[in-house]
Each structure stands twice: as C-alpha cells, then as structure tokens.
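Asks: As numbered in the numbering used here, the sequence shown has no gaps in its residue numbers, which increase by one up to the final residue, 242.
Rather than coming from a laboratory, the hints here were simulated on the basis of the structure.
C-beta: ideal position from N, C-alpha, C; glycine also.
Possibly wrong hints are sitting among the right ones.
[To be verified] For each label pair, taking beta carbons as the anchor points, the in silico distance ranges come out as:
id, residue 1, residue 2, range
1, 35, 11, 22 to 30 Å
2, 150, 115, 13 to 21 Å
3, 118, 139, 20 to 28 Å
4, 106, 206, 41 to 49 Å
5, 148, 17, 30 to 38 Å
6, 148, 179, 18 to 26 Å
7, 31, 202, 43 to 51 Å
8, 205, 31, 36 to 44 Å
9, 234, 115, 37 to 45 Å
10, 21, 222, 15 to 23 Å
11, 21, 61, 21 to 29 Å
12, 226, 107, 14 to 22 Å
13, 181, 106, 16 to 24 Å
14, 29, 205, 34 to 42 Å
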Amino acid sequence: MTAPAELLDRLAPLGPYFAVATAPPPDAASYRPLAALPGAPFEDWTALVGARLGTGAGRVAASTVHLGHVARLWSLALGPVALGGGVPDLGPDRLRFALSPEGAPRLWAPGPTARPAAEDPVPALLALLAAHLTPLHVHLRTRYGLSPRTLRGNTASALTGTVRVLLDRLPGAPRDPGHLAARLLRAGDLGDGGTYLYEPDLGVAYRRESCCLYYRTPRGTLCGDCVLHASPARGKG
6 MTAPAELLDR LAPLGPYFAV ATAPPPDAAS YRPLAALPGA PFEDWTALVG
56 ARLGTGAGRV AASTVHLGHV ARLWSLALGP VALGGGVPDL GPDRLRFALS
106 PEGAPRLWAP GPTARPAAED PVPALLALLA AHLTPLHVHL RTRYGLSPRT
156 LRGNTASALT GTVRVLLDRL PGAPRDPGHL AARLLRAGDL GDGGTYLYEP
206 DLGVAYRRES CCLYYRTPRG TLCGDCVLHA SPARGKG
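Make a model of the complete structure from these sequences and hints.
Replies: Rendered as structure tokens:
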C-alpha cells in the first residue's frame, strides 16, 4: 500500500485545500494541534478573516472560516481514499496548524498513518470528521449562534465541493469520490436535507437547504449551491 505521506504529497498540487506538510516545517514550534482550535485559536482565525471580508468577527466570518476549514478536512480525508489508499489518521490530536497573518491556515501532519485500504472507508471518514467537528460545532453554536442546520449545510457543501475538485483533477481515480459522497450524505446527521445528484459522465450537482451567510459580506454574492437562489427572501441561516 502506498504510504499516506506519499498520497498526501500527490494531492498537494490539486490546490490549497489539499496542502499539508508531511515533513517538519521550519517553524514547527509555532504549530498547534487542531484539538486546540475550539476557543481562542478560532477567535483569532475569525478575527483575521472578518477583517479581510469587512464583516467583523461575527457569525458571517465564523461561518466562512468553518466552511473553509471543513473543506480542508474533507480534502485531506477523502483525497487519499480516492487515490486508492486508506483513510488517513489525521485526527485533531495529530493534525497541526498555524495561521498566516492573512488568516490562511497552514497544516502539518507529522508521520501520518492510515487505516487499511481494503476497509469500507465511509465509517472511518465519518468518525474522523466527527472527531474534529463535534467540539468545534459546540463552540460555534454557543459563541456565534450558528445554527446546527447551517453547520450541517456547510459540512455537506464542503464535501460536494471537494468531490468536484477530485472528479475534475483526478479523472479515473481508483475509488470514485462521487459515489462515496452519496453514501456519506445519507449517513448519520451529515446531510442538511439538500439534494445531491451524481452521474459519472456528468459530474455532481448539489443544492443545500441552508445558507452559509457569505452573501452578507460587502461582496454580497450567493454560493452556487445556496438555497437562496430559489428564494426571494434572504436572511435564512
């Protein structure tokens, strides 16, 4: 089986959401485990992103940070599986992060391991994301008032975005991420009631039934899968 570090290194050229260092970075001492994210580190991250967006460090910035963070987690978890490997052991105590001055995270996975590639990856993928997101979602609900519906919608939207990138940039991958996403969205409490369609020859279509709130930034744009495309009344979170 291909080593997890090699698979993660092969994914890095797909884009910034797939980027993770597997060798110690020069400033390794500044990295913290993602287990420390809920709390002050998330406040710092939200403040940086809120300043860049022009929204301040409130619900809109927090939802934007959450959506991007979950997209990175899905990319690093699902990418190696699509390449034929097992689910990498990138739990919150093993995956480390540092923030740039602009609020972009840098990730480091020291000595990553993986579950056997022959195992069904769906339970392990769900368990990995739950380990990261369960404590973070508690923080986001209590500190920022983000609804469970918005958080589930962000998580599902991030998954489908990851799948689109993998289908586009890894055509003919050993494991079809489109079919895996369909199973993930049917499992547990992941889905937000959105509609997911996948045809191998056509790609992915997804419409969520919640909003990530990005339209409240000064740019005021709607995401491609936003429920508000079909609604004249904005403001539902």
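Asks: Between residue 31 and residue 202, is the Cβ distance one that fits in 43 to 51 Å?
Replies: holds, 45 Å
Asks: Should the hint that residue 205 and residue 31 are 36 to 44 Å apart at their CB atoms be regarded as holding?
Replies: holds, 43 Å
Asks: Look at the Cβ atoms of residue 21 and residue 222 and judge whether their distance stays inside 15 to 23 Å.
Replies: holds, 20 Å
Asks: Between residue 118 and residue 139, is the Cβ distance one that fits in 20 to 28 Å?
Replies: holds, 22 Å
Asks: In this structure, is the beta-carbon distance linking residue 21 and residue 61 contained in 21 to 29 Å?
Replies: holds, 25 Å
Asks: Check the following: the C-beta atoms of residue 35 and residue 11 are separated by a distance inside 22 to 30 Å.
Replies: With a Cβ separation near 26 Å, residue 35 and residue 11 satisfy 22 to 30 Å, so the hint holds.
Asks: Return holds or violated for the Cβ distance of residue 181 and residue 106 against the range 16 to 24 Å.
Replies: violated, 39 Å
Asks: Between residue 148 and residue 17, does the C-beta distance stay in 30 to 38 Å?
Replies: Holds, since residue 148 and residue 17 (Cβ atoms, about 32 Å apart) stay within the stated range.
Asks: CB of residue 150 to CB of residue 115, is that within 13 to 21 Å?
Replies: Check failed, 35 Å falls outside 13 to 21 Å.
Asks: For residue 106 and residue 206, compare the CB-CB distance with the range 41 to 49 Å and indicate the outcome.
Replies: holds, 44 Å
Asks: Could you tell me whether the CB distance from residue 226 to residue 107 stays inside 14 to 22 Å?
Replies: holds, 20 Å
Asks: Measuring from beta carbon to beta carbon, are residue 234 and residue 115 in 37 to 45 Å?
Replies: holds, 42 Å
Checked against the numbered hints above, the structure breaks hints 2, 6, 13 and satisfies the rest.
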